[in-house]
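Protein chains: 2
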Amino acid sequence: MNKIDSAGHSIHFETQLAPLTDIIKSGKYSKIFVFADGNTSQLCLPLFQELLGDFQAFDLIETDPGEENKNIDFCIGIWKTLLDFEADRKCLMINLGGGVITDMGGFVASTYKRGIDFINIPTTLLAQVDASVGGKTGIDIDNVKNMVGAFTLPQAVFIESGFLKTLPKRELLSGFAEMIKHGLIVDQDYYKMLKKSDYKKISSDAIYRSVEIKNKVVTEDPHEKGIRKILNYGHTIGHAVETYSLIHDKNPLTHGEAIAIGMVCEAYLSSNNNNLSHDELIDISNYILTTYPKYTIKEDSFTDLLAFMKSDKKNENGQIMFSLLSSIGTCSINCSVTENEIKESLSYYNIINKNIAND
Amino acid sequence: MNKIDSAGHSIHFETQLAPLTDIIKSGKYSKIFVFADGNTSQLCLPLFQELLGDFQAFDLIETDPGEENKNIDFCIGIWKTLLDFEADRKCLMINLGGGVITDMGGFVASTYKRGIDFINIPTTLLAQVDASVGGKTGIDIDNVKNMVGAFTLPQAVFIESGFLKTLPKRELLSGFAEMIKHGLIVDQDYYKMLKKSDYKKISSDAIYRSVEIKNKVVTEDPHEKGIRKILNYGHTIGHAVETYSLIHDKNPLTHGEAIAIGMVCEAYLSSNNNNLSHDELIDISNYILTTYPKYTIKEDSFTDLLAFMKSDKKNENGQIMFSLLSSIGTCSINCSVTENEIKESLSYYNIINKNIAND
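Residue numbers (the UniProt record's numbering), protein chains in the order written: chain W, 1 to 359; chain Z, 1 to 359.
No lab work stands behind these hints: they were computed from the structure. Treat the hints with care, since some could be wrong.
[Unchecked claim] Chain Z is faced by these chain W residues, among others (derived, beta-carbon under 7 Å): (1) Lys28; (2) Tyr29; (3) Ser30; (4) Ile72; (5) Ile76; (6) Phe85; (7) Thr111; (8) Lys113; (9) Gly149; (10) Asn317; (11) Lys343.
[As the list claims (entries may be wrong)] Straight-line C-alpha distance at most 30 Å; calculated DSSO-like pairs for lysine-lysine: (12) Z/Lys200 with Z/Lys3; (13) Z/Lys80 with Z/Lys70; (14) Z/Lys310 with W/Lys343; (15) Z/Lys294 with W/Lys225; (16) Z/Lys294 with W/Lys80; (17) Z/Lys169 with Z/Lys225; (18) Z/Lys313 with W/Lys80; (19) Z/Lys201 with Z/Lys3; (20) Z/Lys80 with W/Lys313; (21) W/Lys28 with Z/Lys313.
[As the list claims (entries may be wrong)] Derived list of chain W stretches under chain Z, where covered just means 3 residues or more per stretch with a C-beta under 8 Å from a C-beta of chain Z: (22) 54–62; (23) 201–208; (24) 225–231.
Ideal Cβ placement from N, Cα and C applies to all residues, glycine included.
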């Protein structure tokens with residue numbers, strides 16, 4: 001159980017980076033770059049170097065941490081840095097960090113000189129269970145998430161729980177939301193197992209199971225024409241809330257916190273429009289609201305949130321499209337919902353939030 | 001003889017855009033965008049609209065003409081325009097113009113929301129015989145050509161000689177250089193035929209033959225790992241001269257004029273390093289120097305030119321790599337050449353230029 005085969009590459013688990021050392025030592029690459037942010041270069045690079053052992057001949061490209069820097073200006077900076085380093089098409093880029101680093105590093109690599117090889121070493125729980133599989137790379141434009149990007153596969157992915165030790169609890173919780181989603185959309189037993197577990201002590205087995213689920217879905221539909229859209233459960237509303245929070249809140253929601261809100265709202269829509277039972281709606285709502293901090297979606301943000309949803313990549317012909325549950329463990333794609341229903345679901349989150357607080 | 005099948009799409013010749021009308025009428029697309037520059041929207045759009053007939057429901061995205069605008073700032077502008085138009089993943093972008101439009105339009109389309117469909121209608125001879133095949137898209141960064149881009153195939157390509165009627169002679173000559181190259185690298189008979197022809201009256205058959213040659217090469221090696229590199233003949237030095245001229249000359253060289261110079265220099269290198277006969281070197285030099293205007297490569301530009309060559313995408317391990325002829329119609333890849341030899345070849349161009357002028 002130390003490898004999952006994905007399209008054209010492998011995802012390695014808990015190998016202490018041994019296969020990476022082999023790849024580097026093969027001499028296939030003219031130069032090695034490690035792309036990291038200020039946080040990961042401080043917290044994760046030492047472990048990376050320790051695991052690599054003798055081999056230390058790489059150049060470090062460092063960027064500022066945070067989603068707000070996953071933009072085209074930083075991209076241009078990295079392209080120019082590679083050019084300054086005289087990086088040719090046979091160089092390798094190792095992305096060491098969270099989703100911002102793997103998304104942006106993957107995009108930079110897949111477009112520099114029309115594409116150089118890259119390897120992802122996700123160092124956050126979120127990046128390990130979500131960004132690590134599926135070949136999505138991207139950057140934000142005008143605060144619209146992943147508005148520009150490509151589908152490009154890394155040469156390999158390495159998942160090492162050692163990197164998670166440096167992670168604040170809030171970041172663990174952020175990744176945990178995607179794991180809950182994996183249970184909700186395809187695996188009721190996994191969801192039940194997660195409910196019994198402690199997000200602060202995630203097992204390697206649970207991470208493996210999440211990667212396995214995501215890998216199965218994206219392998220079936222690499223370019224998101226159909227079934228892959230189930231992975232967007234919680235994300236249509238969640239992304240909008242995340243974008244709004246990033247612009248307006250002093251201490252913005254993490255991705256997972258926003259997706260957790262989105263999953264409650266979209267469970268409500270699932271119950272209204274896709275036959276999710278009332279009991280399961282309450283089960284999901286309760287579990288998420290007891291696990292994640294409370295948030296209030298302001299009434300006067302509803303119009304902005306709808307505007308963000310309208311620019312969602314999943315939409316077709318101007319219709320906001322949802323992936324909705326029909327039961328815990330089963331998800332349907334391409335569900336259309338009215339704007340009024342969306343507003344209702346936001347109010348549901350606000351109200352049930354208060355109810356639980358009053359319990 | 002009205003279609004060439006390329007990887008996953010067709011190149012249509014002289015069809016009066018009939019298959020395009022069918023594609024649009026199929027209703028597969030949520031919205032149609034036509035991407036053009038100030039020149040092509042004035043000179044080519046009327047013919048485009050005339051050929052399309054009834055169907056006129058598209059939005060025009062216009063950019064400034066010229067290679068100097070094939071940059072990331074204009075890209076960002078187009079991405080944002082698509083966003084403003086609420087373009088979803090099911091929209092279609094039709095690139096109507098020369099290589100700048102098809103290169104940049106293709107890159108924008110292949111990265112907007114991780115990829116929308118696009119169709120190329122090259123309206124210059126250069127774009128028809130060169131940019132139309134092979135799936136290369138790209139933009140320049142810091143005046144370094146196509147430093148960022150992707151390999152992405154269009155849905156279809158339409159080649160209509162009607163568009164060439166608006167083209168200045170200098171632009172015809174620019175495209176003609178690539179046709180000469182096609183003859184030089186793989187087809188001696190085609191080269192001889194071109195020598196007897198008049199570049200101002202290019203036949204549809206010749207354009208077809210050039211596209212056929214290029215298509216055969218890129219189909220065999222889509223990602224430029226091997227044989228495709230023969231298409232770079234004349235381009236290692238040619239690109240450097242083009243970049244230098246773009247920065248320093250009041251009236252910069254066209255792409256083809258620069259490639260013509262590159263082909264003479266690289267014929268010299270071919271004769272020195274790859275067994276091209278002296279007679280063939282003289283044949284190529286004479287033909288190009290009688291067809292293209294004379295240019296002087298200034299001695300004090302040699303250092304800059306070498307620096308540009310060092311950042312060429314084809315290089316490996318810091319070595320400047322050439323594709324060199326062994327005879328007219330046969331080309332070898334991955335030839336390395338010393339800096340002194342490169343300088344000699346530049347001087348050869350300058351000297352033989354003068355000799356012919358003195359004839």
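The hints, checked one at a time:
1. Below 7 Å, beta-carbon pairs count as interface contacts, and lysine 28 of chain W has none with chain Z, the closest being about 11 Å; its hint is therefore violated.
2. Because the closest C-beta pair between tyrosine 29 of chain W and chain Z is about 10 Å apart, greater than 7 Å, the hint is violated.
3. For serine 30 of chain W, the interface hint holds, the least distance from its beta-carbon to any beta-carbon of chain Z being 5 Å, beneath 7 Å.
4. Given the 7 Å rule on beta carbons, the hint for isoleucine 72 of chain W holds: about 6 Å separates it from the nearest Cβ of chain Z.
5. Residue-level restraint check for isoleucine 76 of chain W holds (minimum Cβ-Cβ distance to chain Z is 6 Å; threshold 7 Å).
6. Below 7 Å, beta-carbon pairs count as interface contacts, and phenylalanine 85 of chain W has none with chain Z, the closest being about 11 Å; its hint is therefore violated.
7. For threonine 111 of chain W, the suggested interface contact is upheld, since its CB lies about 5 Å from the closest CB of chain Z, less than 7 Å.
8. A hinted interface residue such as lysine 113 of chain W counts as satisfied when its beta carbon comes closer than 7 Å to some beta carbon of chain Z; here the least separation is about 4 Å, so the hint holds.
9. Taking 7 Å as the C-beta cut-off, the interface hint given for glycine 149 of chain W holds, the closest approach to chain Z being about 5 Å.
10. Hint status for asparagine 317 of chain W: holds, given a least beta-carbon distance of 5 Å to chain Z, under 7 Å.
11. The interface hint given for lysine 343 of chain W is violated, since its Cβ lies 20 Å from the closest Cβ of chain Z, which is over the 7 Å cut-off.
12. Straight-line distance between C-alpha atoms of lysine 200 of chain Z and lysine 3 of chain Z comes to about 24 Å, which keeps the hinted pair within the 30 Å bound.
13. The hinted pair formed by lysine 80 of chain Z and lysine 70 of chain Z meets the criterion: a straight-line CA distance of about 16 Å does not exceed 30 Å.
14. Between lysine 310 of chain Z and lysine 343 of chain W, the direct Cα distance comes to roughly 57 Å. Violation of the 30 Å bound is thereby established for this hinted pair.
15. Between the alpha carbons of lysine 294 of chain Z and lysine 225 of chain W the distance comes to roughly 54 Å, so the proposed pair goes past 30 Å and is violated.
16. Proximity of lysine 294 of chain Z to lysine 80 of chain W is assessed by CA-CA distance (about 34 Å); at most 30 Å being required, the pair is judged violated.
17. Simply put, lysine 169 of chain Z and lysine 225 of chain Z have alpha-carbon atoms about 35 Å apart, too far for the 30 Å limit, and the pair is violated.
18. With a C-alpha separation of about 14 Å, the suggested pairing of lysine 313 of chain Z with lysine 80 of chain W holds against the 30 Å cut-off.
19. Among the hinted pairs, lysine 201 of chain Z with lysine 3 of chain Z is consistent with the structure: their alpha-carbon atoms are about 22 Å apart, no more than 30 Å.
20. Using a Cα cut-off of 30 Å, the hinted pair lysine 80 of chain Z and lysine 313 of chain W holds, with the two alpha carbons roughly 14 Å apart.
21. Among the hinted pairs, lysine 28 of chain W with lysine 313 of chain Z is consistent with the structure: their alpha-carbon atoms are about 17 Å apart, no more than 30 Å.
22. Using a Cβ-Cβ cut-off of 8 Å, 0 residues of the region 54–62 of chain W lie near chain Z, which falls short of the minimum of three, so the contact claim is violated.
23. A stretch counts as covered by a chain when three or more of its residues have a beta carbon under 8 Å from one of that chain; for the region 201–208 of chain W and chain Z the count is 0, and the coverage is violated.
24. Counting residues of the region 225–231 of chain W whose CB falls under 8 Å from any CB of chain Z gives 0; the rule of at least 3 is not met.
In summary, the structure is inconsistent with hints 1, 2, 6, 11, 14, 15, 16, 17, 22, 23 and 24 from the numbered list given earlier, while agreeing with the others.
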